[in-house]
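Got chain A sorted already, so can you dock chain B onto it with the hints?
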Amino acid sequence: MSVFTIALTLFIIANPIGVTPVIVSLIKDFDFKRQRFIAFREAMLALFLALFFQYFGEVFLNALQIKPFAVTITGGLLLFAVALSMIFSFHESTEEAKQVKQEPFFVPIATPIISGPGLLATIMILSQRENNNFKLTMAILLAWIPVTAVMTFAPYLQKIFGKRGLAGMEQLMGMILALLSMELVVKGTAMLYHAIYT
Amino acid sequence: MTTNESTTLFTLTVIFFFIMDPVGNIASYLSLVQGLDKKRRYLVLLREMLIALVTTLLFCFLGEFIFKFLEISEVTVRVSIGVILFLVAVKILFPNKDSPRANLPKGEPFIVPLAIPLVAGPSLLATVMLYADLEPSLWLVPEAIFIAWLASFAVFLAAPFLQRYLGNNGLLALEKLTGIILALIAVQKFAEGLHRFFTANS
Numbered sequence: 000m001s002v003f004t005i006a007l008t009l010f011i012i013a014n015p016i017g018v019t020p021v022i023v024s025l026i027k028d029f030d031f032k033r034q035r036f037i038a039f040r041e042a043m044l045a046l047f048l049a050l051f052f053q054y055f056g057e058v059f060l061n062a063l064q065i066k067p068f069a070v071t072i073t074g075g076l077l078l079f080a081v082a083l084s085m086i087f088s089f090h091e092s093t094e095e096a097k098q099v100k101q102e103p104f105f106v107p108i109a110t111p112i113i114s115g116p117g118l119l120a121t122i123m124i125l126s127q128r129e130n131n132n133f134k135l136t137m138a139i140l141l142a143w144i145p146v147t148a149v150m151t152f153a154p155y156l157q158k159i160f161g162k163r164g165l166a167g168m169e170q171l172m173g174m175i176l177a178l179l180s181m182e183l184v185v186k187g188t189a190m191l192y193h194a195i196y197t
Numbered sequence: 000m001t002t003n004e005s006t007t008l009f010t011l012t013v014i015f016f017f018i019m020d021p022v023g024n025i026a027s028y029l030s031l032v033q034g035l036d037k038k039r040r041y042l043v044l045l046r047e048m049l050i051a052l053v054t055t056l057l058f059c060f061l062g063e064f065i066f067k068f069l070e071i072s073e074v075t076v077r078v079s080i081g082v083i084l085f086l087v088a089v090k091i092l093f094p095n096k097d098s099p100r101a102n103l104p105k106g107e108p109f110i111v112p113l114a115i116p117l118v119a120g121p122s123l124l125a126t127v128m129l130y131a132d133l134e135p136s137l138w139l140v141p142e143a144i145f146i147a148w149l150a151s152f153a154v155f156l157a158a159p160f161l162q163r164y165l166g167n168n169g170l171l172a173l174e175k176l177t178g179i180i181l182a183l184i185a186v187q188k189f190a191e192g193l194h195r196f197f198t199a200n201s
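Chains as they are written, first to last, in numbering that gives the first Met the number 0: chain A, 0 to 197; chain B, 0 to 201.
Okay, chain A solo, but in the shape it has when bound (with noise of 0.2 Å):
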């Protein structure tokens, strides 16, 4: 595979577009400054979580005898939670409307949001098979520039939808993202089932 197309797919598996409504809702508390700088910086944490797997992934892993069934049940679990909280979000604004929200910081945006279990997965899988780590490391950096640039855009979105907007939206995406969790958590169980009876 060349260079762009393993960008191509790093960015399709990272998903961007498609969570750029849940980060808005999990960051809408905050200024807008603020929300363009926490989204930066999720983005290069997200980064840096994706070239750790690229290079030390695998002996991760190994040395913790953990099993790639487990990396999807988590990240799905965790979303999981994340999903909840969303969905039953509207009780704080009645009681403490003008509470600040504790800053999400490395959970859940970088991961498992943008840097999820499919995609260190596929950059493990990936660095197994291509013989050139260069070239991957390459390919995450490329794939990275539209990912922060669609990250940092999400903040604008509030402008559109506004606060109100925004606090419905936040229990819809809660939805998606509850049943986007889902699917990871059955993936996960079907590759243990595979494990146990094959």
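Not one of these hints is a red herring.
With a cut-off of at most 20 Å between alpha-carbon atoms, the simulated EDC-like pairs for lysine to aspartate or glutamate come out as follows:
no.: 1; chain 1: A; residue 1: K66; chain 2: B; residue 2: E4
no.: 2; chain 1: A; residue 1: K27; chain 2: A; residue 2: E102
no.: 3; chain 1: A; residue 1: K66; chain 2: B; residue 2: E191
no.: 4; chain 1: A; residue 1: K162; chain 2: A; residue 2: D30
no.: 5; chain 1: A; residue 1: K186; chain 2: B; residue 2: E191
no.: 6; chain 1: A; residue 1: K32; chain 2: A; residue 2: E102
no.: 7; chain 1: A; residue 1: K134; chain 2: A; residue 2: E57
no.: 8; chain 1: B; residue 1: K90; chain 2: A; residue 2: E102
no.: 9; chain 1: B; residue 1: K37; chain 2: B; residue 2: E107
no.: 10; chain 1: B; residue 1: K38; chain 2: B; residue 2: E107
no.: 11; chain 1: A; residue 1: K162; chain 2: A; residue 2: E102
no.: 12; chain 1: B; residue 1: K67; chain 2: B; residue 2: E134
Footprint (simulated), chain B over chain A, 3 or more residues, beta carbon under 8 Å:
no.: 13; segment: 62-72
no.: 14; segment: 76-85
no.: 15; segment: 101-108
These aren't lab readings, by the way, just hints derived from the structure by calculation.
Beta carbons: idealized from backbone N, C-alpha and C, even for Gly.
This is chain B only, laid out in the frame that chain A set:
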């Protein structure tokens, strides 16, 4: 020592170290010993860490026979380890206001809260007991506890430097990484328990 045993030792050490979560406790530790002078600080730290170690080892030896006595099956123990580790991971990843870390008492720490529950919390004690039951080798678990304890001790000794060079955000990122790795291990252990269950019943 066979390779299998040394990897198990490594995994156990990592698990215990992450449940002790020294990186996450740095901020609490520093605020607890804030008013004390340097010499007193090290003394307090040494005392608290020793208490934590003794407590953990005590529960480790308790675990050697209590589950056999209660006739709890191996599958249950394995699955419980997964559940407990996952709960610890969730607590690290999604912190809430009721945690002991958010409500630190004033004054010099004695046993509570630094030794117990910040370092040797209920989840660490439970995990240690379960593993002591699971591992056939008598010394593997205490060995892992001791190495993890040394590592946490080192982290606490280096706490002021770590906070200065990594900053609060760096520490937070490290802690979240800890949480993710714990969650991964938790799911893996849970799955291994299920695997046992299915192979034993089919």
